[in-house]
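All chains, please: the whole structure from these sequences, using the hints.
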Amino acid sequence: MPETGIREITFAEAVREALAEEMRRDSRVFIMGEDVAEAGTPFKVLSGLVEEFGTSRVVDTPISEAGFTGVGVGAAMTGLRPVVDIMFGDFITLTMDQMANQAAKVHYMSGGKWNVPMVMRTTLGAARRSAAQHSQSLHAWFSHIPGLKVVLPSTPYDAKGLLKSAIRDDNPVIFFEDKMSFKLKGPVPEAEYTIPLGVADVKRIGTDITLVGTSSMVQVALEAAVMLEQAGISAEVVDPRTTWPLDEHTLIESVKKTSRAIVIDEGYGRYGVAAEIAATIAEGAFHYLDGPVKRMGAMHVPIPFSPPLEDLTVPTGKTVFDTAMTLCGRS
Amino acid sequence: MTTVSDPTRTSAGVGVEKWLRMYRQMMAIRLFEENVNELYTRALMPGLAHLYIGEEAIAVGVCEALRHDDYVTSTHRGHGHCLAKGASPKLMFAELLGKEAGYCRGKGGSMHIADPATGNLGANAIVAGSVGIATGAALSAKTLKTGQVAVCFFGEGALGQGVLYECMNLAQLWKLPVIYVCENNMYTEYTHFSETTAGDIPSRAAAFGVRAETVDGQDVRAVHAVATDIADRARRGEGPAFLLCNTYRYRGHHVGDINREYYRSKKEEQQWLAESDPIKNFAEWLKSQKHADAGALSTIDSELRAEMDKAVKFAVAAPYPGADEVDQDVYA
Ligand SMILES: Cc1ncc(C[n+]2csc(CCOP(=O)(O)OP(=O)(O)O)c2C)c(N)n1
Numbered sequence: 001m002p003e004t005g006i007r008e009i010t011f012a013e014a015v016r017e018a019l020a021e022e023m024r025r026d027s028r029v030f031i032m033g034e035d036v037a038e039a040g041t042p043f044k045v046l047s048g049l050v051e052e053f054g055t056s057r058v059v060d061t062p063i064s065e066a067g068f069t070g071v072g073v074g075a076a077m078t079g080l081r082p083v084v085d086i087m088f089g090d091f092i093t094l095t096m097d098q099m100a101n102q103a104a105k106v107h108y109m110s111g112g113k114w115n116v117p118m119v120m121r122t123t124l125g126a127a128r129r130s131a132a133q134h135s136q137s138l139h140a141w142f143s144h145i146p147g148l149k150v151v152l153p154s155t156p157y158d159a160k161g162l163l164k165s166a167i168r169d170d171n172p173v174i175f176f177e178d179k180m181s182f183k184l185k186g187p188v189p190e191a192e193y194t195i196p197l198g199v200a201d202v203k204r205i206g207t208d209i210t211l212v213g214t215s216s217m218v219q220v221a222l223e224a225a226v227m228l229e230q231a232g233i234s235a236e237v238v239d240p241r242t243t244w245p246l247d248e249h250t251l252i253e254s255v256k257k258t259s260r261a262i263v264i265d266e267g268y269g270r271y272g273v274a275a276e277i278a279a280t281i282a283e284g285a286f287h288y289l290d291g292p293v294k295r296m297g298a299m300h301v302p303i304p305f306s307p308p309l310e311d312l313t314v315p316t317g318k319t320v321f322d323t324a325m326t327l328c329g330r331s
Numbered sequence: 332m333t334t335v336s337d338p339t340r341t342s343a344g345v346g347v348e349k350w351l352r353m354y355r356q357m358m359a360i361r362l363f364e365e366n367v368n369e370l371y372t373r374a375l376m377p378g379l380a381h382l383y384i385g386e387e388a389i390a391v392g393v394c395e396a397l398r399h400d401d402y403v404t405s406t407h408r409g410h411g412h413c414l415a416k417g418a419s420p421k422l423m424f425a426e427l428l429g430k431e432a433g434y435c436r437g438k439g440g441s442m443h444i445a446d447p448a449t450g451n452l453g454a455n456a457i458v459a460g461s462v463g464i465a466t467g468a469a470l471s472a473k474t475l476k477t478g479q480v481a482v483c484f485f486g487e488g489a490l491g492q493g494v495l496y497e498c499m500n501l502a503q504l505w506k507l508p509v510i511y512v513c514e515n516n517m518y519t520e521y522t523h524f525s526e527t528t529a530g531d532i533p534s535r536a537a538a539f540g541v542r543a544e545t546v547d548g549q550d551v552r553a554v555h556a557v558a559t560d561i562a563d564r565a566r567r568g569e570g571p572a573f574l575l576c577n578t579y580r581y582r583g584h585h586v587g588d589i590n591r592e593y594y595r596s597k598k599e600e601q602q603w604l605a606e607s608d609p610i611k612n613f614a615e616w617l618k619s620q621k622h623a624d625a626g627a628l629s630t631i632d633s634e635l636r637a638e639m640d641k642a643v644k645f646a647v648a649a650p651y652p653g654a655d656e657v658d659q660d661v662y663a
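Here the protein sequences come in this chain order: A and B.
Letter by letter, the first sequence follows residues 1 to 331 of the working numbering.
Letter by letter, the second sequence follows residues 332 to 663 of the working numbering.
Worth double-checking, as some hints may not be accurate.
[Said to hold, decoys possible] Chain B residues, not near chain A, derived (Cβ > 12 Å throughout):
{"hint": "1", "residue": "D563"}
{"hint": "2", "residue": "E606"}
{"hint": "3", "residue": "E615"}
[Said to hold, decoys possible] With a cut-off of at most 25 Å between alpha-carbon atoms, the simulated DMTMM-like pairs for lysine to aspartate or glutamate come out as follows:
{"hint": "4", "chain 1": "A", "residue 1": "K113", "chain 2": "A", "residue 2": "E192"}
{"hint": "5", "chain 1": "B", "residue 1": "K597", "chain 2": "A", "residue 2": "D26"}
{"hint": "6", "chain 1": "A", "residue 1": "K164", "chain 2": "A", "residue 2": "E192"}
{"hint": "7", "chain 1": "A", "residue 1": "K183", "chain 2": "B", "residue 2": "E606"}
Hints were generated in silico from the structure; no laboratory data involved.
Ideal Cβ placement from N, Cα and C applies to all residues, glycine included.
Dropping the structure here:
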């Protein structure tokens, strides 16, 4: 956690700073994707980078996700360090062969001889009234595949430090950014820092229940924690920050202390990231648990367009609060 | 072989009544879209929408060459295709506002209008996402001997997707009645197509042996003539076609794309508006041929305005779906 009293920047600015710093530090790093250059992506996250680094390092591509992801894999194997931009997380489906069969396997299949030092940046999250093909949180797909690392930053500070580590990592790393967080502000030091992949962060200390939140759901967990405090329940909020590598130790130790846990992740609950983390906790803290580990995620439906329906599909501070109250025997 | 359609070639046998219907359809799309923009600026529409203004001649020219039961697939910029195939503005507005009365019970929104009654297999928010669906519909039509044709509308951005080439190859091998309509409005989101598209576009289809045509997408008569040819040909079992329509989107990529000068100049926009407005030019032609006078056209315009007003009011007043709708229709 950053010290207090330092400058605040947005999540989008933190991502941009991380990229700019790494591109200055290492001339092999470049960005490739749709509308990344002059447009700076539809979310304007990359605004200004093309002015500094030029179109040979901030490269606009055709709408060819499978193709340019594959090009990223090959370029990464042979001396460059690509940051591949997939505009919406929903479009990772188009890159799956390149990621799951190629990028993830090259190092192992070659007996450790080839590396794929590539980052894929993409998004997750609903609530933008964008309907079923622009609202999914598909990070579980990549988390499932050995050879890939998956990063889920929840604050500007984490986004910057984790992205810098991702770019320096010699493995394919997928970096998911919550679309609703781009404008979120938080303290980020001006001095250089990185955050290692695989280290969870306790976002709030508590004693009665552990709320494990990822990405967009960290803020939701923190909201619920405030409501719980008013009800006399002290909630600890743990953010794993990466689904793989996963900091099992921090998760298990927190639950050993609190003896109750809810895992909140915006992907689908079934067969998802929340399920895996819940199982990890259940195995590691079994004898300390006072109740079942609960999973909360997107409702198991395609995300609907209609606002009142879409709002039902994602966990909120209130639904997490209600679940926590039940788990604590208070309702 | 790729051919550029002869601009003087217009369908023989098209009567005044049909020309006027085409005018009405184009104007309906224009007015529909202006209302969508208004709903957005008045914060009555959730999310964003991609307007078809400027490209009306393509949807109308093609759909007027189709049978009612022919299939279409559409894109994120899909309102024009849906309306041209016969969708009701009222139910479309309701969908755009997420209301239960909408075509998809509010679950689809602007980018996903689908309507079996008009052969609309669905608009699609994945670029090139419907190429397989349209080609599959053509396979059904051929297998079931229904005589239907499937039209796949897409922007030139879809030329970047491999699935298009996989499907065109299949379609030609199997002589499927499918027409790939590429609407080249010059920009994907914020990037000129010349920066993302190598070589000659229709030659890509021609390389598979697919009949490839190029047409002025601002000229509804030209679009209609060539669409009639290739639809009839497909219906006769002579195989798929690729139709490149050169056009321009008059507005932003979506309703929120207001400052566009970093990717295209005001001068360029104004030139297209002044010289190539498909509706204005067609109206001039109708008048010059004495098919209609200014009064008759403005009567059509005001009828449509009244219809759109009513449709918007209906949609605004319509209720949202109930909470129990959320997990309905996940499975058949
Ligand atoms: C597979 C995929 N990649 C990226 C996008 C994001 N996107 C939406 S529209 C668009 C541009 C599409 O351009 P074009 O196909 O030419 O259609 P136009 O918008 O010009 O009508 C992009 C990149 C998407 N929807 N699907």
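Cross-check of the supplied hints:
1. D563: holds (32 Å)
2. E606: holds (26 Å)
3. E615: holds (36 Å)
4. A:K113 <-> A:E192: Cα-Cα ~31 Å, so violated.
5. B:K597 <-> A:D26: Between B:K597 and A:D26 the Cα gap is close to 39 Å, so the pair fails against 25 Å, i.e. violated.
6. A:K164 <-> A:E192: Holds, at about 10 Å.
7. A:K183 <-> B:E606: Measuring from Cα to Cα gives roughly 41 Å; hence the hint is violated.
In this structure, the earlier hints numbered 4, 5, 7 are contradicted, and the remaining ones agree with it.
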